[in-house]
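Build the full structure now, drawing on both the sequences and the hints.
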Amino acid sequence: MRALFALFIRSLREDLRARLPPILRAALVLLILLIIGANQRKFAWSGAPGREFLGMLMMLNLAFIGVAALSIFPSAIAEEKEDGTLTLLRMTNLNPLSILLGKGATRLISALMLLAAQIPFTMLAVTLGGVTRTQILHAYAILGATTFFLCNLAMLASVYCRTAMRAGFLTGIIGGILYAVLPLICAITSFRRWRPGNVTTGGLWETISNYIFEANPLYAMGSLLLDYRRSAFLSKHVWISLGAGTLCFLLAWLIFDRYCATAEAAPGRVKKTKNGKPRRWAYVSRPWQRLPLAWKDFNFMAGGRFGFYFRLFMAGLILLGACGIAWSSYQRQLEWATNYGNSEGSYYSKASVDARFWEQLSGISIVLAGWIAGLEVLLIAGRIFGAERRNLTLSSLVALPWSVGKIIRQKILGCLAVLLPWIILAAVGLSFNYRQIWEEIIREITNLTTFDEWGNYYLLTAIGVVCYVCTQALLSLTVLVWFSLRIRRGALPATIATMTVVNVLGAVCLDSLNLDRRGEMLSAYIGFILTLITLIAMCRKTHRRIQLAAAED
Amino acid sequence: MEPVIDIRGLRHAYKTHVAVADVSFTVNPRSIHGFVGPNGAGKTTTLKVLATLLKPQAGMVAVFGRDIVRDRTEVRRKIGYMPDHFSMYRQMTVFEYLDFFGAAYGLSQGQRDKIIGDVLALTDMAGRKNDFIQGLSRGMQQRVSLARVLVHDPDLLLLDEPASGLDPRARIELMEILQELKRLGKTIFISSHILSELAELCDSVTILDRGSVKYTGSMRGLISNNGADDAYAFTLTAEHPPFVDALSAIPGVKTVQQITPGEPRYSVAFEKEQITPNALLSAALSSGAQIVSFTEDVKHLNQAFMDLTEPGVRPE
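Those sequence lines, one after another, are chains B and C.
Note that the first sequence covers residues 0 to 552 in numbering that gives the first Met the number 0.
Note that the second sequence covers residues 0 to 315 in numbering that gives the first Met the number 0.
Everything labelled a hint here was simulated from the structure, so no lab data went into it.
Possibly wrong hints are sitting among the right ones.
To be verified - Chain C regions said to be covered by chain B (calculated; three or more residues, Cβ under 8 Å):
hint: 1; segment: 49-63
hint: 2; segment: 87-95
hint: 3; segment: 103-109
Values in this document were obtained by computation on a predicted structure and should not be read as measured data.
Even glycine gets a Cβ: it sits at the ideal position worked out from N, Cα and C.
What follows is the structure, encoded as structure tokens:
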């Protein structure tokens with residue numbers, strides 16, 4: 000028994016001695032207080048400020064759990080494989096179960112501690128009103144169960160995959176299927192049953208659909224916030240997540256020997272064709288004469304041609320899914336139109352329903368393309384120099400007769416290819432409804448410019464906000480690159496946490512100033528200028544950091 | 000003859016820790032220069048400065064007569080730096096890896112094809128050019144690293160402990176490749192913490208300890224007993240007292256010592272300006288001694304290294 004828990008106890012001791020976990024917990028608590036501060040005015044006008052506050056906090060926590068599931072949890076076993084230390088661990092008295100407990104369970108406990116530390120402060124929501132103490136506890140039960148499931152899913156991926164990055168990717172794919180694709184399919188099929196006058200029958204698919212919805216933390220959280228009377232501490236979501244998490248842990252234990260006996264046992268080992276050439280998913284061309292580093296990053300960072308076609312295929316699938324949703328909604332509206340009347344010019348007229356079909360199709364495509372492109376950019380930014388640092392190849396790159404600026408430019412160029420499929424998807428989405436979107440833009444601009452004296456402020460404020468958001472996005476990417484050069488793992492969560500805290504702090508400061516419209520406009524420009532200055536400073540700092548990191552290799 | 004490497008008064012510190020202080024030495028063209036020192040002596044820091052990865056905080060460093068700070072890009076074209084760790088894109092094949100670096104140095108596809116073929120032949124990796132790097136053994140990865148350094152045909156190779164972690168056979172093969180490269184006209188600057196590893200390979204050596212140069216010059220100068228005197232060792236069939244008397248009486252002979260008590264082995268130190276080894280041998284034969292061997296008495300390399308460097312770990 001001592002051997003079984005040896006690694007686990009050691010990890011817990013390390014966690015207790017480490018300085019970072021208590022700082023993180025304190026930062027999270029501070030963030031809760033900042034959220035209240037930042038939304039003080041908004042809450043004052045709300046009917047149920049406590050519920051709004053709880054909703055915000057839960058979404059923030061779910062986002063953090065999602066990021067942890069993609070970056071921190073999957074490294075549990077895979078990092079040992081990458082460092083070549085797993086075989087050393089296996090040579091000791093530690094069996095697979097103790098390694099899984101030691102490496103995986105400690106991460107889970109750290110994450111759960113972060114959640115537990117918040118509970119007393121979240122209770123402030125009860126004082127704010129609109130939410131009960133039980134609801135808060137049930138909400139944390141949902142978060143805890145989701146964390147448990149995702150941590151064990153990531154650990155299973157970590158046992159199976161050769162590197163932490165692949166494990167994170169696999170976790171993301173499975174999580175995406177479970178939490179996005181399956182509910183989407185269920186939603187599409189459910190539309191068919193929601194015809195007016197149609198009596199639903201409890202078939203097998205409906206039961207499965209119910210379970211899929213219940214397993215989704217967003218759905219579970221939404222239901223809890225809407226109606227506290229139906230909630231329970233051990234809700235369906237909690238049971239499903241705990242069961243699925245346990246199953247993942249058992250599976251990880253079962254396959255541990257097969258995939259972790261040696262580093263080479265994990266999938267991804269070198270495979271060759273019959274004529275001795277390496278087997279690859281897609282052909283890799285000779286390096287591009289003028290852009291060799293862009294070639295390298297396109298093929299070995301962004302997935303190359305295979306990655307490009309795969310993304311294009313996924314974009315096609317998303318478009319198809321969007322078509323499905325829009326078509327279901329279209330059919331439903333047509334059926335309602337026959338019941339409620341479809342006279343010319345009415346809401347359910349054929350022309351109006353048709354327009355809404357294209358609008359919906361366009362909206363879903365553009366929004367999803369934007370989200371996925373944003374996520375891809377974040378993931379690439381975390382790896383663009385981080386991977387070079389981890390592989391100790393930065394010194395070879397910096398020792399080339401190139402400037403650091405040229406290295407950065409070529410690397411960005413090589414990675415930009417990941418965006419192309421999503422740009423195509425957004426463009427296709429735009430083409431479905433370009434006339435209406437264009438008219439809307441013109442109308443908005445006209446509204447902004449034809450207002451009275453305040454109207455000009457609106458326009459200037461809008462421009463200031465757009466500049467602020469763009470520089471914030473660039474700053475986030477630069478901070479992410481900088482973190483990836485400073486810390487070995489967890490650059491993405493560190494960036495998200497830093498940027499969130501800074502922005503929330505900014506929001507609190509602004510809110511406390513109680514600004515008028517002119518003040519709001521000024522604050523947008525001050526925010527933009529401050530962000531721009533920070534961005535320039537961070538760019539210089541990152542530039543220097545790249546040279547330093549190369550020398551430290 | 001202009002030195003390939005010219006370092007004068009180099010100093011570099013990491014915050015409060017001075018890695019190298021006042022380091023000065025030169026390296027001649029078309030030679031193999033060993034850079035030896037215990038762990039933490041400052042070898043890698045000096046190599047990183049030479050590779051233009053670190054800027055010298057004080058002093059002057061020139062490669063092929065060019066300042067490494069001012070003419071950084073030009074210097075980088077002329078050097079090939081191999082770090083002390085495997086710095087490779089493991090998901091590439093050997094050919095792709097070399098092809099990528101060839102393109103990065105601006106070689107055309109035709110030039111790359113030719114030079115990659117040559118360096119793969121030199122490093123005996125031609126048969127593995129389609130293998131993924133991640134599937135290669137440590138020794139093979141080291142060969143690929145060396146091939147990468149050679150792909151742009153640099154005149155100066157900076158090799159940071161290239162033999163560390165290699166098995167004896169791989170070490171010998173690596174040394175043979177380096178000899179071949181010297182014959183091809185390259186200057187090789189190779190660091191190691193094992194002096195004996197470089198003894199047969201290097202023409203000159205610099206010994207660094209605790210951030211400062213303890214010796215720089217020819218390998219022969221390092222192993223001679225001291226700068227002014229020469230010493231020769233005699234091995235006799237048996238102890239023979241007239242041998243000692245005869246040699247001691249020769250003007251210019253400073254000492255005649257029995258190397259190990261009880262054994263008929265003697266070390267004779269003399270001033271090389273006053274007497275030649277031939278005269279010594281004649282005198283020894285005249286004394287009636289039965290001579291088994293007559294060789295130059297040199298210090299063991301390890302002894303020389305131990306004499307020059309300080310014991311213990313470098314304090315912070």
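Violating hint indices (sorted, rising):
none
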